[in-house]
Structures are given as structure tokens and as C-alpha cells.
Amino acid sequence: MSEAPYISVNDLVFRYPDGTLALDKINLKIYDGDLMALIGQNGSGKTTLSKCLNGLLKPTEGSIIVDGLDTRHTSITSMAKRVGYVFQNPDHQLFNSSVWSEVAYGPRNIQLPPEEIKERVQEALDVVRMPSRYYEEHPFFLPKGLRQRVAIASILALRPKAIIVDEPTTGQDIKQSREIMEFLVDLHEQQGHIIIIITHDMPIVARYARRVVAMGQGHILADGPTAEVFAQPEALAKTFVEPPQITQLAQRCADLGFSPRTLTVEEMMEQTRQILNK
Amino acid sequence: MAIVRFEDYQWKYANTKEFALRGINLEIEEGTFVGVIGPNGSGKTTFAYSINGLIPSQYYGVRKGHVYVAGREVKEYRADELAKQVGVVFSDPEAQFTAMTVEDEVVFGMENIGLTVEEIRERLEWVVPLTEIGHLMDKPPYEVSGGQKQRVALAAVLGMMPRVIVMDEPTAMLDPISRKRVFDVLGRMKHEQSNTVIAIEHNLENLIPLADRMVLLYNGEIILDDEPRPFFEQMDLLLKHDVFPPGAIQYFFELLREGYYNGPLPLTLDDATARLRQLVEKVKEQS
Amino acid sequence: MSDATMSAEQSAEEVWAVEEGEERSVGVIHIVITALLIGIGAVVGAFGSFTLPLGFGVNFFWPAIAVQNVGSIWFGAWGVIAAALFPIISNGVAGTPVYVSLAYIPANAVQAFLPAWAFRQFKGDPRLRKGRDWAIFLISITLGNIFGAFWGPMVVLKSFGLLTTDSLPLFIWGWFAGNEIAGIVFGVILLKALSGVVIRSRAFVKKWFA
Amino acid sequence: MNKTILGYVPEESPIYNTHPATRILFLLIVSLFPMFISAPEWNLLLVVLILILMRYSRIDFSILKLYVPVAVSMGSIILLSYTVFAGNHPEFHELARVLGIRIYYERILDAITVYFRILPMIFIMIYFLSTSRERDIIVAMRSLRIPYAVTYLVAMALRAVGMVIEDFSIVRQAEQARGFDPVGKSIFYKMRKFVMYIIPLFALALRRADEFANALIARGYSFTGLLSNPKRADYVLTHYQAHYWDYLISFVLIVMLVALVVMRYGLGMLSLEGSLTEQLLRAWLLN
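Protein chains in written order, with our numbering: chain A, 1 to 278; chain B, 1001 to 1287; chain C, 2001 to 2210; chain D, 3001 to 3287.
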């Protein structure tokens, strides 16, 4: 890719106030058009890195440039317009008394004119397919799935280029997880957002992510197209992450002619037909 | 005799219209490991709470039929008596901790059921190495990692030595490696102890190798109840009810469907690898 | 169950009414809710004390008062217990001597007790639906704050010699105004926003203990 | 390192050789000392002694920085109360008149006395909080045979404090992520943030209350009232032993308290009249 990255992380070091080194010399470029999964064990630095990306945490050393702005010298408000962050537990970010005012909270903070606030809120609620009968409902009363959508809408209303979603599929069943992911893919394809998903769900990563960044102990251990990253078992072992079962099966049988880059059952079947019908 | 028995059991929460569980009939023999699966909202948690007595003691609603644990109706037990029979591990490890240190946490339940200091010491000597939490004993339980938390929760329940252990999505919040380690503990438990385990899980890859029996709950009803192999042979039924078996099983089912394969479904990755090798080598020999 | 299953709207009378055959007993949930209230109160209180420090538990703007008022309206005696105890933690962390904290207990208990009593006695709706509910809320917290404002400066601070007799009126007024404003602003917001959920939860206390 | 309520104290700190109950006793008794001491120099000596004790217990002195604003604003309030708002008292020695406000010598002396009386009390509180872990408080309460329901309530409350602090910081970040920026804004704008915090904190607590209660019941905990005190093994207490020095310390503290009372009221010592401070101040201000 020749274009300039939207987010560029340069030699980022992050140390918590108690001295714990969370991120150690991270270099990462995120481009317009990325649909990326950030994977790794709990405590590997995924969440810390993503909070650095939108300026919630400031680098101890190194720098992060977002859309040409250095996060160290940029106000919270202008960062919020560029990189949105959806927290894992929607309950932490719902504090207004109606769905509508919840979504309007961000645009009001950046002091937009009322007309535009209205337009943006409506658009965001449409995008997350929130039925209008819930607009005046207290977010607290909604079931978890809908609360999560309100949380995403509240970020969308700020129209950030990049959206980070922290473990959107935790506690969801497979069908619900797929719905959420398909919705995020839509946002990516139709609205042109950069999407960064933090997740532990490898089958989901294999199915939806175009790029994978694997982290472990504060380092980036692998970075590349999804199939490429899953094809590096040594690097993955260090992140304590295993590829999906079907990928592992293909890798174990690579000598029989299966590709270690296999991600889905359908791909596996296609290869099988070729191998067995030879 | 069955250790857990549901008889025409139904439950409806107050303030709701639909029954959360309907017409449940189920017998679980002592010492079996049962995997319970089904999409969210199908009644899995209600099922778990009905065994450990939180339903009906803590919730308002309509209850019909019976649930027996060790031959006695659940609602006739006193809370601490039932706690000796049934232990529960919840999905959110954070929300089940109430003590300042891991040790207090593990000891809490044992104190509640009235064990002496000596008994507690003995049980700790057994349960701490089993769950590998020895190095954590002095730490606050909410400061250890997610996987460790769940092992602490497991230790706290095991220490009470319940005859039935119910796990309500114990690994939903964990990363893959922590998940695996929790299942390792379960595997060890299964081989060393004679507990009955009822595990509610979305994550099938780890569950299947341990399960003696699988139950599919959907919309408050039991749709399918069988040993794992025949259970997964009902692939179309499973997919129709939003259950997506692990990749290797799905793959072998496709092989079966397209006529490349006609053996039993492999339940583990090792099994699948071996069978795929056999298959390919056989075809190559023939050609 | 927090699903979007709306139950039929209850009237204020029904909120407090114990139906025939309805068993209400003290349970583990009440211990838990008391502990959580203490937790919230301690953090909100300490936060207030550190951002606007005046020392020895004196705050001319103390949002934690709302935790006392609202907690006891919803959870009865458990709210009162929490209200009496959490300032010991929040004040302590903010550097208040232990005996000064202990001496505040009656004031904190009364500030919580009065609204709880008034809502139960006069069947006020915690969701603040009618003018009457507002009146019950405002009058009861005002009376509680008046008691607190006298108890704090007069009994506690004066007896520890921290204030002169001449300056008492000023401190009483300041104390009262600070708690009153914070109590109204945050109390109303909390009651409006969350009462609907709380009265349907099993933690809600209709009588005093259950 | 041991994490205490106010910070970290090295594990090898000698403070951990004392029983937690001894530390609570220290807090309660030594906090009484200044009540019997009027002479500021004696209270100052007490402060110095506590500082020496803090050094001996290896407490990081940077914790004191947190309390500078508290100490300053507290001093200012006392000073204001004893000067600006002290009224007219012709019987006192007037030192100066500023904008019509009369400053009296007696009032200044009283203000200093009060300030130096409250100061050691604060230092004792800081000392206690920075040498006690939450667990110590629980252990102390349990070894003092306080009813378990009460001890348990306090334990859960302390745990809840930690949880709320964590929630609090996440909520704050969630607000920032949506462009909430209080820097350089008006006081009303800043006040809004309290509103924004308090709602999610309550909402989270309400959701958690259910889960916590379920987890407790599942561990066989039943609320048994404040008065009934069923036998518990209290396993945790076996880690803590009261040594002879714990009894010695407690004994010495009580003797000191009695001695102070006798000195103050029996012998008329430690009073303000004739104290070093009074003599110095008199010499400086009145002559």
C-alpha cells in the first residue's frame, strides 16, 4: 500500500503509573480500508494499545499520529472525532436517560449545531437498526444486544473514521456473534470505516477479519492478512492463541497437500475434492 | 438412581409471558459429564438455577413439576444443605468473588457449610494443586487474570465437595488458552473424582472430548439428548437450532454427505487428523 | 430479569403495598445491596472530599448525600445503615480522624432515615410522578439536612473545638446549602432515572427490612 | 509488596509482625491522646513520633502529599473561624484590625491549639490506612468476635469500594472517548460529570447485586441475622497469631492513655496555660 497510514504508531512504549510495562516498542500502521482483528491473551496489551490509539492513554515514549495529529498534543474532543472506542461492557458507557440523548451526548460534547446533532443521531440510530419505539426508552431497560447497539450508535454519531470495538462477541452465542460481525463488516464496506475488533474468538476472526495483529507481552508478534498470520504457528504459540480447529487440521495435514492458510470448512472441502479426485 | 431428575418441569418468571423452561424430563446418572448447549435465551441459565435452588428461592415465578437432587425435591432443601449437594460456577468470574484474598475465597464456602479448620486444611491440600492456584493464595481474587479467576471459582466450589457441579458458561469471558486450562482441570477432575458435572458451554471444541452426553436446549425445550457421536450426526437438526459444531466435525460431516467418508464422526482434533490421513492415504493407494 | 418486558404500570400506592400472600423476607440480596451502597457512597464521598477539600469531613458540596437519600428510599433500613457507615470510609481516606467520623453517624443516619420514612409513611412515588412526590422528597431531605447541618458544625466540630461559637451560624448555613443543592440535583436525577428499575428488582425494600 | 488501603508497604515491614487487632487498637487509643493534650508542643511531639513510626514501618512518605491540600484547607477553615468570623470580644487582647475585622491574641492561640490537636489524629488515620490491608481489617474484626454478618458486610463493602473505583475510571474513559473534555470549562460543566458518573455506578451496582447474591447463596451463605453467631471455622485466623508483644503493645497503650488522663486532670499538666507555645506566642505578639 502506497497511501499514507491513517494511524501510525511509532516506537510506542506505555508504562502504567505503578511501573508495569504494558507496551514495549510497538510499531504499527493502520490504513484506510483496514478491517482488523487484535488478538492475544488477556494482559497481552491489546486493550492498552487500543486506548492509546484514541488518546485515552498517552504514550510514555514514542508517538502515535492519527490523521496527521500527534495524540500527545491533541485534545480529547478532536481525538473522539477520529477514533471511536466501544467499551466491552455497554453499562459503563450508558449514562443518559434515553436512547436518543445517549447518542446525542457525543455530538453535544463537540458542540455541533442542534440541526446537525439531530441529523447525526438519526443516522447513527438508523445504521445500527434501532427501532424508533426505543428512542425515548431508558438504555438501562434494553436487553444486552440492544444496549450494545446503542453504545455503537453513540460512537457512530461522532463520525469517527476508525472504530475500535472491545470484545463485541463475549457472552454472545454464535448466531448473535455473527450478526454483530456482519453488522460491523457492513459499516466497513458501506460506510468506509476502519474497523478494529479486539477479540478471543478465533473462528470469528478467521471468518471476518482481513488483517490480524497478534500481541503478546506488550509486543506485536505477528501482523498480516488473516490466513498468513494463522499460518505461523510458532508466532501464534507465543501469543497463546490457536488458529481455528479447521485451520489446525489443515496444517497438521499439510504434507497431504492441504494449505496451512485454510480458514473455513468450505475452503477445506474444495481442497479435499481436488486431492481425493486426483 | 439418577442424581438429578427433572419431571415435567416448567418455570415462568414473573413479569414475562412465556415459560422459560417447558416440559423438561431428564435423568442424569451420578458420575456423568453432561454438556448442555443451545443459543442464548433458550433457558440454559434457568436450567442451572433450577438445579441449585436459586429458582424458586430467589426468583418470583410459576413453577410446575419437579426437580430432584439425590432423590429429594430441590425446593425442600435448606440453602446450606443444597450447597453441599450442588455447586455452581458462574460465567462472570468477577461477580462471584466476595473475599479479599484467593484463600479466603476458597475457604468461604467451606466455612459456610460448617467444616472444621482441620477439614478445611485437608481439602485445601487437595483442591489447590488440582486447580493450580497455589501461587495465588495471598492475592486479591479480582486482581488475578481471567483464567486464574475461573480456576479459583472452581476451587471454591470443589472444596465444598458437592456431588453435582453445574457450570454456567464458565469460559465465556476467557481467552483461548485460559479456556483450555479450565477444561484441563475439568478433565483431571473427571478422571480422578466421581463428580457429576453439568457444563453449559458455547465453546464446543473443549467440551466435546470430555462429555459423556450432550443435551440441546432450544426455546425452553430439550430438542436432542444423546451421546456425543450420535448427537453430532444430527447435523441438520443442530444447524437448524443455531448450534455450530467445531470445524473438524462439520468438515467430516460434509465428507460424509459427499460420500468421501463413511466412518464415525471424529470428536477431537487428534481423531480427525488420524482419520483424514487414513482417508487420503487409502485413496492414494487405490489410485 | 432486566429484559424489555414492561410490567403494567404500578401506582404509588402499589409500589409500597405488600400484597396478600406476598412473602417478603430479609435475604442475602440485602446484605449485598448494603455493601454496594457503602462502596458507591465511599467512592463518591471521597471523590467529593478530595476535589473540594475542606478537611474533617466538611464539604460545602457533597454529592454523596444523594446516595444517602436515595439509597434509603429504595432500600429502607439497609440504605440507612449504609448511609451511616460509608462516610467513615470516605472521610477516613480523606484524612478525617476516626472519632470525628464516628461522631457524624447520627447526622448521616437521620439524613437517610427521614426521606425513607416519609416515602413509606405518605406513600410517595419514588419515580417522582406527581407534585406530591416532589413535595415529600424535598421536605424530607430538607428536614434531614437541617438536622445534619446543626449536628455537624454544632455538635461535632464545636465539641472538637474546630469552630468558634461566633462562626457557627455561617457554617451551619454553608453546610446546609451545600448538602441541599447536591441532594436535590443528584437525588432527583437518580430517582427519575433508576426508580423504575429498582422497584421491580428483588432488592427493593417495601417495608423497612424487606 | 503488600497493597494496603492507601498504597504499598514492603512485605518485610516490621508492622506485619503485629496482629491486625493490635493495629486497630492503636488507631482507636492513640487517636484519643490529643483529646487530653492541649499544649501544642506535646501534640507536635506526637506527630513526630508517628512520623518516626511511619519511617520504621517503611511507609512511602509520598503518600503524605495527598493530604497537604486537606491539611491546608483545614487550617484555613480553623483560622477563618477563629479570626474573620470570630465576632467582637472586647475582653480579649486585640492585635490588629483588618477591614474592620478584629484579630484577637486569644483566638490565634486557640486556633493553633485546635490545629495541632487535630493534626496528630489525621496522621494516625494515615498511618493506620497505609499499614492495613482490607484483609487485616476483616481479620481484626473476626478475631474480636464481631458477629459474622457484620464482618461480612464490611468485607463486601470494602470489596465494593475497589470495584466502584474501577468502574469509575472506566466510565470516565468512556466519557472522554465521546469527547467529554472538562479542561478549562466552567464549574457547572464540571458538575455535570458527577451526574454522569453517579448513574452508571448505581446501574452497575444494581445489576451486580443480583449476581453477587446468587453467588453467595450458591456457596451456602445464608443471612443469619446480626445477633445469632453460628460457629465458623474462621480458617483465615489460623494465619494470624497474637504474640506476647501484641499484648505488651496493647497494655502499654492503655497505660499511656491512663497516664495522660491522670497528668491532664490529676496533675494539671499538658494544658495550654504556661505551655511553651503560649509563652512564645505571648512574647512575640503581645510585647
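No lab work stands behind these hints: they were computed from the structure.
These figures come from a predicted structure and were not determined experimentally.
A hint or two may mislead.
[Claimed, not checked] Derived lysine-lysine pairs resembling DSS-like cross-links, with alpha carbons at most 30 Å apart:
#1 C/2130 to B/1075
#2 B/1075 to A/175
#3 A/161 to A/118
#4 B/1240 to B/1180
#5 C/2207 to B/1012
#6 A/175 to B/1180
#7 A/144 to C/2158
#8 A/144 to A/118
Checked hints:
no.	hint	verdict
1	C/2130 to B/1075	violated, 42 Å
2	B/1075 to A/175	violated, 35 Å
3	A/161 to A/118	holds, 20 Å
4	B/1240 to B/1180	holds, 28 Å
5	C/2207 to B/1012	holds, 26 Å
6	A/175 to B/1180	holds, 23 Å
7	A/144 to C/2158	violated, 52 Å
8	A/144 to A/118	holds, 25 Å
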